[in-house]
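Produce the complete structure using the sequences and hints provided.
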Amino acid sequence: MNWNSTDSTTPWVFAHRGSSAEAPENTMAAFLLAVEQKCDVIELDIHLTRDDQVIVCHDETLGRTTNGSGRIGELTLEEIKRVDAGSWFGQAFAGETVPLLEEVLKQVPKSIGLNIELKQTYDGRIVDPVINLLREYEQSQSVLFSSYDHKLLYQMKEKAPESRVSLVYDAKPVNPLRLIEDFGLDVFSVSLHDCMVDAEDVATIRRSGRHVIVWTVNEELAMRQMLDCGVSGIITDYPDALRRLIRI
Numbered sequence: 001m002n003w004n005s006t007d008s009t010t011p012w013v014f015a016h017r018g019s020s021a022e023a024p025e026n027t028m029a030a031f032l033l034a035v036e037q038k039c040d041v042i043e044l045d046i047h048l049t050r051d052d053q054v055i056v057c058h059d060e061t062l063g064r065t066t067n068g069s070g071r072i073g074e075l076t077l078e079e080i081k082r083v084d085a086g087s088w089f090g091q092a093f094a095g096e097t098v099p100l101l102e103e104v105l106k107q108v109p110k111s112i113g114l115n116i117e118l119k120q121t122y123d124g125r126i127v128d129p130v131i132n133l134l135r136e137y138e139q140s141q142s143v144l145f146s147s148y149d150h151k152l153l154y155q156m157k158e159k160a161p162e163s164r165v166s167l168v169y170d171a172k173p174v175n176p177l178r179l180i181e182d183f184g185l186d187v188f189s190v191s192l193h194d195c196m197v198d199a200e201d202v203a204t205i206r207r208s209g210r211h212v213i214v215w216t217v218n219e220e221l222a223m224r225q226m227l228d229c230g231v232s233g234i235i236t237d238y239p240d241a242l243r244r245l246i247r248i
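Taking UniProt numbering, I'd label the letters of the sequence shown as residues 1 to 248.
For the record, the hints were derived by calculation from the structure and aren't laboratory data. All C-beta atoms in this analysis are idealised placements derived from N, C-alpha and C, irrespective of residue type, glycine included. You may find that some hints are simply not true.
Taking lysine to aspartate or glutamate and the DMTMM-like style, the derived pairs with C-alpha atoms no more than 20 angstroms apart in a straight line are [stated by the list, open to error]:
id	residue 1	residue 2
1	81	52
2	151	181
3	151	136
4	172	198
5	110	45
6	119	240
7	110	149
8	110	36
9	159	123
10	38	240
11	106	117
12	151	138
13	38	219
14	81	103
15	172	201
16	172	149
17	119	52
18	159	194
19	151	162
20	159	128
21	151	123
22	106	36
23	151	200
24	106	128
25	172	200
26	159	138
27	119	51
28	119	158
29	159	170
30	159	201
31	81	60
Label-pair restraints from in silico Cβ distances [said to hold, decoys possible]:
id	residue 1	residue 2	range
32	60	94	41 to 51 angstroms
33	95	184	14 to 24 angstroms
34	247	109	12 to 22 angstroms
35	199	50	28 to 38 angstroms
36	177	106	21 to 31 angstroms
37	177	82	39 to 49 angstroms
38	71	38	34 to 44 angstroms
39	60	9	11 to 21 angstroms
Here it is as structure tokens:
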């Protein structure tokens, strides 16, 4: 993944938890479909199991997206691998499992970027296992880490300076450049909800050499508005639709 390849008219297409409108989120089925649909980046979420394995799931618990239950941090990998992560979405996906991050690194082509959201649950325990995996698969430079927990991103950037980080905000920053500077280490991008974005802020951030990534944009009108604002990347559940729109 070449993170230096974008310009203001051709943003990166981020597949939100994979192609999650057409396949069960955060499964290999959703990720590989997103690859077929020519996404640039797959966005995913990670957690640590009780036995310190890095698995891919958005929630801290299994109930919403599998036929299992319980907190991921209290379950072993063996227990989590027994649950079905596909049937809730449709019988065509019965038997999908909760993937390890390592499985994603093995199966997703290196030409596809990964945007890994780090959760706030683990007080930094997740940093070393993730860095070790990425370096083992020679992917630490092709990954973009994002998190609401900026201290966790700081730990990641300190231990893996070759990695890229994106500061996520749940409210519109009054002075985004000041927040970037206050972080203290190199920031690649800020990640904002599309309702927080205007062209002036995007231009200011991009003039500073950073990028703006917006989430989660599913309607065509909103996609067009974000394209007009000049954002660097758009996170969507419909990567195929966004890719077609960009080509028009």
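Evaluation of the provided hints:
Taking the CA atoms of residue 81 and residue 52, the gap is near 14 angstroms; set against the 20 angstroms cutoff, the hint holds. A hinted pair counts as satisfied when its Cα atoms are at most 20 angstroms apart, and residue 151 with residue 181 qualifies at roughly 14 angstroms. For the proposed pair residue 151 and residue 136, the alpha carbon gap of about 24 angstroms is over 20 angstroms, so the pair is violated. Taking the CA atoms of residue 172 and residue 198, the gap is about 10 angstroms. The hint holds against a cut of 20 angstroms.
A threshold of 20 angstroms between alpha carbons decides the hint, and for residue 110 with residue 45 the separation of about 18 angstroms falls inside it, so the pair holds. Between the alpha carbons of residue 119 and residue 240 the distance comes to roughly 27 angstroms, so the proposed pair goes past 20 angstroms and is violated. A threshold of 20 angstroms between alpha carbons decides the hint, and for residue 110 with residue 149 the separation of about 27 angstroms lies outside it, so the pair is violated. Taken as a hint, the residue 110 and residue 36 pair is honoured in the structure, with Cα atoms around 14 angstroms apart against an allowance of 20 angstroms.
Restraint check for residue 159 and residue 123: the C-alpha separation of about 15 angstroms stays at or below 20 angstroms, so the hint holds. Simply put, residue 38 and residue 240 have alpha-carbon atoms about 7 angstroms apart, close enough for the 20 angstroms limit, and the pair holds. Between the alpha carbons of residue 106 and residue 117 the distance comes to roughly 19 angstroms, so the proposed pair stays at or under 20 angstroms and holds. Under the criterion of a C-alpha separation no larger than 20 angstroms, the hint pairing residue 151 with residue 138 is inconsistent with the structure, at around 25 angstroms.
Under the criterion of a C-alpha separation no larger than 20 angstroms, the hint pairing residue 38 with residue 219 is consistent with the structure, at around 19 angstroms. A hinted pair counts as satisfied when its Cα atoms are at most 20 angstroms apart, and residue 81 with residue 103 qualifies at roughly 12 angstroms. Under the criterion of a C-alpha separation no larger than 20 angstroms, the hint pairing residue 172 with residue 201 is consistent with the structure, at around 10 angstroms. As the CA atoms of residue 172 and residue 149 are separated by approximately 16 angstroms, the hinted pair is consistent with the 20 angstroms bound.
Taken as a hint, the residue 119 and residue 52 pair is honoured in the structure, with Cα atoms around 14 angstroms apart against an allowance of 20 angstroms. Annotation: proposed proximity of residue 159 to residue 194 is violated, straight-line Cα distance about 31 angstroms (limit 20 angstroms). Under the criterion of a C-alpha separation no larger than 20 angstroms, the hint pairing residue 151 with residue 162 is consistent with the structure, at around 17 angstroms. Proposed proximity of residue 159 and residue 128 is supported: the alpha carbons are some 8 angstroms apart, at most 20 angstroms.
For the hint linking residue 151 to residue 123, the alpha-carbon distance of about 9 angstroms falls within 20 angstroms, and the restraint holds. With a C-alpha separation of about 16 angstroms, the suggested pairing of residue 106 with residue 36 holds against the 20 angstroms cut-off. Taking the CA atoms of residue 151 and residue 200, the gap is near 28 angstroms; set against the 20 angstroms cutoff, the hint is violated. Of the pairs offered as hints, the one joining residue 106 and residue 128 holds, with about 19 angstroms between alpha carbons and a cut-off of 20 angstroms not exceeded.
Distance hint between residue 172 and residue 200 is fulfilled; the C-alpha atoms sit about 13 angstroms from each other, no more than 20 angstroms. Distance hint between residue 159 and residue 138 is fulfilled; the C-alpha atoms sit about 15 angstroms from each other, no more than 20 angstroms. A threshold of 20 angstroms between alpha carbons decides the hint, and for residue 119 with residue 51 the separation of about 17 angstroms falls inside it, so the pair holds. A threshold of 20 angstroms between alpha carbons decides the hint, and for residue 119 with residue 158 the separation of about 17 angstroms falls inside it, so the pair holds.
For the hint pairing residue 159 with residue 170, the CA-to-CA distance comes to about 26 angstroms; that exceeds 20 angstroms, so the pair is violated. Restraint check for residue 159 and residue 201: not satisfied, since their Cα atoms lie roughly 30 angstroms apart, outside the 20 angstroms limit. Among the hinted pairs, residue 81 with residue 60 is consistent with the structure: their alpha-carbon atoms are about 15 angstroms apart, no more than 20 angstroms. As the Cβ distance of residue 60 to residue 94 is approximately 24 angstroms, the hint placing it in 41 to 51 angstroms is violated.
Between residue 95 and residue 184 the C-beta distance comes to about 46 angstroms, which lies outside the given range of 14 to 24 angstroms. A hinted range of 12 to 22 angstroms holds for the C-beta pair residue 247 and residue 109, which are about 20 angstroms apart. Between residue 199 and residue 50 the Cβ separation comes to about 46 angstroms, which falls outside the hinted range of 28 to 38 angstroms. Taking the beta carbon of each, residue 177 and residue 106 are about 39 angstroms apart, not inside 21 to 31 angstroms as hinted.
As the Cβ distance of residue 177 to residue 82 is approximately 48 angstroms, the hint placing it in 39 to 49 angstroms holds. A C-beta distance of roughly 36 angstroms is found between residue 71 and residue 38, which places it inside the suggested range of 34 to 44 angstroms. For the hinted restraint 11 to 21 angstroms between residue 60 and residue 9, the CB-CB distance of approximately 39 angstroms leaves it violated.
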